[in-house]
Each structure stands twice: as structure tokens, then as C-alpha cells.
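A.B. asks: Protein chains in written order, with numbering that gives the first Met the number 0: chain V, 0 to 157; chain H, 0 to 128.
For the record, the hints were derived by calculation from the structure and aren't laboratory data.
In this text the structure is predicted, and so the values were computed from the model without any measurement.
To give an idea of the interface, some chain H residues facing chain V are shown, with a C-beta separation under 10 Å as derived from the structure: (1) 52; (2) 56; (3) 57; (4) 85; (5) 86; (6) 101; (7) 106; (8) 110.
Label pairs and their in silico Cβ distance ranges: (9) 127(H) x 80(V): 54 to 62 Å; (10) 97(H) x 11(V): 39 to 47 Å; (11) 98(H) x 93(V): 25 to 33 Å; (12) 80(V) x 102(H): 35 to 43 Å; (13) 49(V) x 110(H): 16 to 24 Å; (14) 141(V) x 33(H): 52 to 60 Å; (15) 81(V) x 124(H): 55 to 63 Å; (16) 49(V) x 31(H): 44 to 52 Å.
Backbone N, C-alpha and C define an ideal beta-carbon position, used for all residues, glycine too.
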Amino acid sequence: MPQDIIPSQAFPRLTPHNHRLTSPASIDYNCIGWAAGDVEHWWQPGVFWPIQARPGDYGIEILEQLFKALGYENCGMDASLEPGFDKVALFGHPLYYTHAARQLPNGQWTSKLGKAEDIEHDTPHDVAGGAYAEVVQFMKRPATGRRNTGGQENERGG
Amino acid sequence: MARKTKGAGKPQDSAPDSVAQPPPVAPASGTTDIRERFQRLASEWKEQSRYLSNTAQMAMLMPYQRIIAMGWPAVPLILEELQREPDQWFWALEAITDQNPVPPEAAGKVRLMARAWIDWGMKQGCLKT
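My request is simple: use the sequences and hints to build the entire structure.
C.D. replies: The structure is reproduced here in C-alpha cells:
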């Protein structure tokens, strides 16, 4: 898929120079699953979510709680590459979380764009400013080298 | 991985169980306008939701809300759409039918969730084999 098909209204900060498509589109998983390393499930509170969620809770808080359950801790707005740590960026607002991106070992970031493709992008802020609002926090955990799909390593495209 | 075993995929703020629902019916002839309306709304929703990951946010989009508001006549059309292309129609199906045929082991697996709903639709007579 040509990069210029990603609409600028949804991603006003993406340019041909700051991101690369790394997969075909897929309905099988979403950005939350991708950030957690799972390409087999569409992660959603009340459907597939590793922690209990209050009914009607789809905000940024439930996303933070999710990544805490996966071993991450809040690291404020620090997007730097820290060797030995996995890092994720959380996007959204109190009403809805909108997105999660995962840092790669080379310091680049990877995102699954909804039902569309995966991309690699230079900074987490490259996918902000439109459909996903802004990054609201970063979280990190000691690098485990494993993902959250029952032991399956999923690094497709990322 | 904790999963919701009953009601997986259920919109958590859906209508109470006591709300009476009409039985599922296959679309009657002469519903071309309903089909056209559904297809237009579905197309709009797919375009608007393409880059979204939060199903609740997708379900609040106006085209999706209008499809839910169509009620039972939309069910066979949604199921046909699920057969053609799996997508996040589960919220709407459960909101309209107050049913959830998705088995716990299929929760979050979009194609298996679609299959469960299609099988349900066939059993209910909403969908032809």
C-alpha cells in the first residue's frame, strides 16, 4: 500500500520520511494487542482483556491498568531509548483510550493503525495530533524478550 | 489471561435483559431501501473507523449508531456483511439481539467471533446457508 494513502487528516504529522509500512492490513489484532506483542486477538475491555474492567470503562485509565498488569510502570513523558527496557506510549483521553505504540530495540516505534497496517515510525508523536489525540504517558518494564500470547514471539513487521 | 466467559463481546452498557425483543426474522422482500441504507452507513462507518482500535469508540460513530437504530431488520444485513468481511459488528449485533453466541475461547479472535455469529444467524433463520 503506498504510504500516501494514509490520510493526513487522521495523521497530520506522518510524512513519507518519518514512517514505513511494515505489514498488510489485518482485522485480526489491534494496536493494543500489537503493543503487547499479540497478533491473534483484538484487545478490548469486556471482550479480551487480562484484567477486570468496570462496565463502560474504555478510557485511558483502563489502558494504563492493562499495561501495569503486563509488568509496566509509569515513566512519565520519557520517550528515550533505555537499553534493557521495553517501552510503550499510551494515547487518548479520559473517555477513550485511542492508541498504544511500542518502542523497538533500535529506538524506533511501531504502531498498528486500527484495522489497517502496521507502521514503523521515528517518534511516538508522529502518529499523534489527529485520530489518536496525543501521547499521555509512557510506561516501561524490564525487557523480557517475550510477548503476551502464551509464549509466542510476535515481531511480524515490527 | 482473564477473559469474560459469558457476555464476551457484550457492550457493557447495553439495554437491560428485561427489554422485549422481537424474534429474528429474515429480511422481507421490498427492503431494498433498508439494504441500501445499511450499505451506505456500513461504508461510512468502515471509512471512519479504519484507523481506530477502541471498539467502544467505533460503536459511538454516527453511522454505527444509526445501524443499531435500524433494529432487527439490520441483523441479517450485518451477518451478510460479516460473511463477506469480518469486522467489529459484534457490539451492534449484541445491542440489537441481546444475544451473544461467541464462546469464551473465541473472545477477541475476530474471525472466530464472526463465525459464531454467522452460525447463530443460520440457526435463527436470519441468514441463508
